[in-house]
Amino acid sequence: MSTIFDTFKARAEAVSAEVHRFPTKPEALDFILQFLQKENIADAPEAYAAWADCPFLSSFDKAQLAGRVPGLKFEVTRQIAADARVGISELDWGIANTGTLVQDAAAVEKRLVSTLPIIHIALVGANAIVPDLGALLARIGPRQASYLAFITGPSRTADIERVLTIGVHGPERLVIVCVDELGGAN
Amino acid sequence: MRQEFRDQINTALKNPNLTGALGRFSEAYRISRVKAYEGIDFEALRTQIAEVKAYAASHFDELAEQFTKNAEARGAKVLRTNDPQKVRDYILNLARENGVQQIVKSKSMATEEIHLNKFLEKAGIEVKETDLGEWIIQLSHQTPSHMVMPAIHMTKEEVAEVFSQEVEAGQLPDIPKLVKFARGKLRVKFLNAGLGISGANIAVAETGSLVIVTNEGNARLVTTLPKIHVAVVGIEKLVASVDDVVPILTALPKSGTAQLLTSYVSMITGPVPNTDGTPKQLHIILMDNRRTEMARDPKFKQALQCIRCASCLNVCPVFRLVGGHVFGKVYTGGIGTILTAWFDALKASDEIQGLCIQCGNCVEVCPGKIDIPGLILELRRRLAVEQGLSVTQKAAFAIVNNRKLFHGMLRAAKLAQKPVARGGFIRHLPMFLSDLTDFRSLPAIAETPFRDRFKAIAQPKQKERVVFYAGCLVDFAYPEMGEAVVKILNKAGIEVVFPEEQTCCGAPARYSGAYEVAAQNAADNLKALLKEDVQYVVSACPTCTVALKHDFIGTFESLGRTDNLPEAKQLAAKVIDFSSLIKKLVEGGRLKLKAGQQLDKITYHDSCHLKRTLNAHQPPRELLKQAGYELNEMYEADMCCGMGGSYSLKLPEISAPILERKLKNIKETKAELVAMDCPGCVMQIRGGLDKDGSAVQVKHTAQILVDAFE
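Top line first, the protein sequences correspond to chains H and F.
The first sequence lines up with residues 1 to 186 when you count with my numbering.
The second sequence lines up with residues 1 to 710 when you count with my numbering.
Same shape as in the complex, but just chain F (with noise of 0.2 Å):
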């Protein structure tokens, strides 16, 4: 990662404007959001929007065709064209044939994505941005910190500021009376433009429309006033019917700023009679920049589903914080990632796809039911394959690789922390990896690890076995919730195998892109996880339960090694998450909590893997709740707490904050204990708290509840 790439990061996070604003409007998205789908089938909506949208993603050739034939008909030209230099030299010359010398513009992503101002500005021709959020960001020669809202990250002091110097002296910092300037000042602008540009958010092939969705209006006053009208549509707005544009037209209001319906929605089909009556030239141009190649992509095909409502930058953890402008200039935010790798170029998002912490907040609100998450998985795995991995990634994966090595390593780990570990935490690295534990103290290597600890447990010999599969920090820094796991199945009748050849799980691999590294190790558990013949192989760790479970298929299948797919499949099958397993012997009488117990107050942190990945939120808390805990939901109990895995140590300064936030709502419920399911978020969130010198315990429910039991 550059050091600019990192300072730009810094100046995003220490810009208060900025976190203030994102922050408290992804706050109150949230809950807006819910709001505005009241009574609505979201899955069912977004299903439908998904389907539309990949149809039209698998027949652009088609629907482009049929578009232009019946946009034609009705006395539009189209230009359908692969490179955005065509669109740039299409409107000028178009302008200059027409005397044009001023233009009005309504939104348009895809204009922005071909830097369409500049060209035009460059050439002599005055642009002008008519959104009030894009208007204000032209003024101040600054790019868009957020798709829908672009000057989100100004305060009302600033913009009054950039008026009084662009503009007009004298602008005072009344959001209201900016507002009215920026209305008089760009009606001028509108009544003697001589050509419009708008963009497009659907186009509809069976009939040629375009339909343009503006809360302002002035994407009506830009298709109504000027005598010629452009439209840039990016071929990815194609869907083949009306009929489509229903569900976008539910979904992206609702999912964009929480409105049942923005302000105005114009479908526009052929052209209308201008002012003089006489008819408005209508052009309008698909423009292709790699879509068509992008959907004969079989893994990123589906990012042209996206309507750009910009939901995923709303929940985005990550995003709140640092807003826009680190992503670049155009497309921000996790499906910005995407489309920039591709509209410009996949090395441009080397750095941005660093970003993403893998949470899968986003995945849970997209109305194109886009693996946004997996899709940047996808990038770093062909960055990774494009450029090589780094020589300290290489040697780390080097090690991962041998497991002998990797777990003689972390043994020998244990004795060089002797002298900075104290209480079981590590508190100060030395030399340069002090900067990484600042903001949480690290748990220290465990004296013995589970695997060696096993052994010494005296398990009564059961018919019925199940496979433990530990993972690296259950291992090696929390073997206690290894064996609180061994404690409980044992209460069920249950013996518990542990397989010793198990190693790493591959997460931190696949995570940066290394799959051939997470291949082996998948293949190296498979071997393991398999020997024995069991119901179930659980996992007290849902990042490890999702590896097993989920991406060994997954990484297989991207290698094209079809031969591993069908023993990972049969592991896949086995594999539960430890709270699932628990519940089900619960519910089985297998297992029995102790009755009329009443405990202290608790509250639980959902873990990403857990929640969004395996859909396991409620089975913890069920268990907790039986055992006689009182619940006291935290706020947010759900968003990440920064850990993401090496992510922590990547991106120090990212992480730290969310953690902050975390340990903010876990103290504001009052509880005395934090439970959790992943040894990940325990490392994260009790290293936080013993920082903060905070009292609160921190707790795998496996721990929670191993004496819960009659």
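Looking at chain H on its own, in the form it has when it is part of the complex (with noise of 0.2 Å):
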């Protein structure tokens, strides 16, 4: 499995995204709680932070965690995540050949977390990265998903004289916390 990780990483690392790996949950949640501090997450337009519900989060208490980081809001709505800087989901899956996270992303706000913050915190389940595209649609496709969304790396453009530019639309930060012990689908 090692080598499947090492391929996603380094994949994911040519098109800019940041990937971190931790073997347990809260050595991971530590992280994205240190990482929300320096991000100065706040309770006011443009400061807060936007956690979409999802697996990671059934292992902790989620009023605890809003009660530690001011700002940090776990009620996703379209004007909190247009006026968070970061937002935080859960990806389903990896795809090691190009880098890239999948996503059931029927659930509106989890769209909302990773399209409108400026900063998009993914976790995965490390052992829920597979080969390649064929392996994925394999394992889940249309008929499982009504919104399936491919995310590999930041939002970019290279349309004004070709220069390479991160976050027009999206997030100009993917940051990838994969974590063991999510497991995942796989």
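Honestly, I wouldn't trust all of these hints.
[Unchecked claim] Below, computed lysine-lysine pairings styled on DSBU-like, alpha-carbon distance capped at 30 Å:
{"#": "1", "chain 1": "F", "residue 1": "Lys-86", "chain 2": "H", "residue 2": "Lys-9"}
{"#": "2", "chain 1": "F", "residue 1": "Lys-177", "chain 2": "H", "residue 2": "Lys-38"}
{"#": "3", "chain 1": "F", "residue 1": "Lys-299", "chain 2": "F", "residue 2": "Lys-86"}
{"#": "4", "chain 1": "F", "residue 1": "Lys-527", "chain 2": "F", "residue 2": "Lys-594"}
{"#": "5", "chain 1": "H", "residue 1": "Lys-38", "chain 2": "F", "residue 2": "Lys-699"}
{"#": "6", "chain 1": "H", "residue 1": "Lys-9", "chain 2": "F", "residue 2": "Lys-369"}
{"#": "7", "chain 1": "F", "residue 1": "Lys-180", "chain 2": "H", "residue 2": "Lys-38"}
{"#": "8", "chain 1": "F", "residue 1": "Lys-527", "chain 2": "F", "residue 2": "Lys-414"}
{"#": "9", "chain 1": "F", "residue 1": "Lys-650", "chain 2": "F", "residue 2": "Lys-699"}
{"#": "10", "chain 1": "F", "residue 1": "Lys-86", "chain 2": "F", "residue 2": "Lys-189"}
{"#": "11", "chain 1": "F", "residue 1": "Lys-625", "chain 2": "F", "residue 2": "Lys-670"}
{"#": "12", "chain 1": "F", "residue 1": "Lys-35", "chain 2": "F", "residue 2": "Lys-527"}
Since the hints were derived computationally from the structure, they do not count as laboratory data.
Since each chain sits alone in its own frame, please combine them into the complex, following the hints.
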């Protein structure tokens, strides 16, 4: 499994994603909380962090987390997401050979937190990484998910003078947090 | 060609931003595309894509029906129509029924094809393009210059000016700031829009799914924030199954932008909840606009295998000079010429089809395996049938079709040129013709054509004989090339036969769409060349070789002249290019290169037909190296020299800068000799170097090798 993760990490980093890996959920949570602190998350528009509901959160007390980080919101609305600096969601799969994350994104909150904020923190089970697109579509497809979202690196454009510029309509940073303990659907 | 069109070409050529940006991009693309495909069997991949798309094109009705059923079962509404007006009306009505004032759009070529924005704006609805390039183009009231990078022709200064004038004063030409500015301004539009319009890159029949590919993330917002989503999808986007998505999604980003995958891919199947919990209205319009008709056309059906990656634009030596604007408002480049002929009108392709120099670069990279230059020739043929040829063309081809008259005129031209030919070049042509040679010297017609010189060559009688097909340039301009071929073959113990009735190979007529003329040339040549019972018919001109080996058959097939096919195939089996034959003879021990030679530095120019149709780029290189030359490869060795037969006469303004690049690449190798296998390329490149006053020698491989054998 380690080689698949290595490929995934290398490919994701090649397209400007940041990749971190933690053995346990509490360690991953610590990283995220420290990250939010560094990004000056606060209870004010443009400084929120919006966290879409996900299996990762089932291990923690949301109210307590919200208490620890003012501005961390678990009720994701259109306005909260639009005013958030950081969006957090859990992705269901990774694709190694393109460094891609994949999510059943039918629930609108999942899309809001990964499209509108400046930074997207993407949780994914380290064991949920498959080798390629074919392998992925063998596990999940449009029959199971009405909005299947593939994310490869942050939002980018080269439309002005072909100069690669990160963060046009979507996030300018994609922070991938792989968690061994999350297992994943594999 | 109208003056207006020529003016457009010249405007483009004189725009340094456009040619600079496109030129740099095409150079970078060539390398990054190869890198993106590392570890992937491109041939296998594109064969798969071609099969998937060809299957879809022959089952549009069935797949559209299946798609509709499955998408509607998931809650979408599907409209299938051939009529662009119905598409426009449907969207306008939908907007009105739902009180929509503002629309956001992610990129959709299908909506550009039917000029949807203009229609909706006229009806008082605000329509915002959200792809950054498309937005810039919309704000500056221009049309896209490239299918994937619509604003590649604009500098950051121009973009800042457009933003300042059209949106908010005071924008600085700083790219990250301009991008941030666009993000902020368009974010408001996304949040306020009542309806989002997207295209789709793939539509999957078995599930009723849409696959949408973007880098900026705008399609995700267009399909998430507004309560209504309308996808306008050309029916050629249909594929049968989810499995079919894999090869297309593997190739599209690599061929399009040399990415392994775009930042975002959305696979949408039926409506999803809106942010207020209501279900989204999802409307999918399967737009035909003559695609079904195209699918029934035995030739053009192939064009429906296009996945709209625009790689044919990126490798085109003409596109990188003129950009997209000269091609029209919607689809550009090689594939654009074909699509314009169908989605707009055949007549609309009349001028732009002439831009194709037939180099075949696009055929090598097309992930849909489309023979784009072949289809452009077919357009040319149909246009010639529909509109007839010009009086000059008619007169010229009447001559070409009469060998005796044609050759008689070439002999007479030798006398007429006397006052202007010096040192083997025509330096000054009278009056208007002088424009045509401005960028290079043209060769003088030879004092004695090859057909006359041949009679004077004393060949030993041999058991084995080959037929030599000279072609007009070797026969009347470069007879020394023909003599070199004879001398080398004689060394191998082969006697050369030159059937006198051989005539023009028909390429000039075929490439002008005059297939009847080309067919007559083919028939005359078949008669002359099949008379002798030989194993090989050899030519030292790759264009002639391709004509004899492939085009005779193609021309007869196009015209339905099946009677001629058996003979054409018989000839095709015998035809071989010079270097490939010599390599065979060397390998068979029939010819031996002198050993231990340490010769000069040399560089090699690949002729389009030799490299891409005959796949014979290695034989001449191997022979030259074995002969003792040090081969110093030039940059873009296989890029067209700009000759393209009569292309350089019809569009000298494009031919000249293509040649200029070639000369620069040759000079940079510091080689004093450049080899090539095509007399047409010799004419172009030697003429260019002569005009430049360069000392670099230009020779046909046969001339270089003439004394290289023991």
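Here is what the structure says about each hint:
Taking the CA atoms of Lys-86 (chain F) and Lys-9 (chain H), the gap is about 48 Å. The hint is violated against a cut of 30 Å. Using a Cα cut-off of 30 Å, the hinted pair Lys-177 (chain F) and Lys-38 (chain H) holds, with the two alpha carbons roughly 24 Å apart. Pair hint Lys-299 (chain F) plus Lys-86 (chain F) holds up; C-alpha atoms about 28 Å apart against a cutoff of 30 Å. Annotation: proposed proximity of Lys-527 (chain F) to Lys-594 (chain F) is violated, straight-line Cα distance about 39 Å (limit 30 Å).
With a CA separation close to 68 Å, the supplied pair Lys-38 (chain H) and Lys-699 (chain F) exceeds the 30 Å bound. A threshold of 30 Å between alpha carbons decides the hint, and for Lys-9 (chain H) with Lys-369 (chain F) the separation of about 33 Å lies outside it, so the pair is violated. Restraint check: the Cα-Cα separation between Lys-180 (chain F) and Lys-38 (chain H) comes to about 22 Å, which is no more than 30 Å; the hinted pair holds. The suggested pairing of Lys-527 (chain F) with Lys-414 (chain F) holds, with an alpha-carbon distance near 28 Å, which does not exceed 30 Å.
For the hint pairing Lys-650 (chain F) with Lys-699 (chain F), the CA-to-CA distance comes to about 25 Å; that is within 30 Å, so the pair holds. Restraint check for Lys-86 (chain F) and Lys-189 (chain F): the C-alpha separation of about 26 Å stays at or below 30 Å, so the hint holds. In summary, the hint linking Lys-625 (chain F) to Lys-670 (chain F) is supported, as the alpha carbons are separated by about 17 Å, within the 30 Å threshold. Between Lys-35 (chain F) and Lys-527 (chain F) the alpha-carbon distance is near 49 Å, which puts this suggested pair outside the 30 Å criterion.
Against the hints set out earlier in the document, violations occur for numbers 1, 4, 5, 6 and 12.
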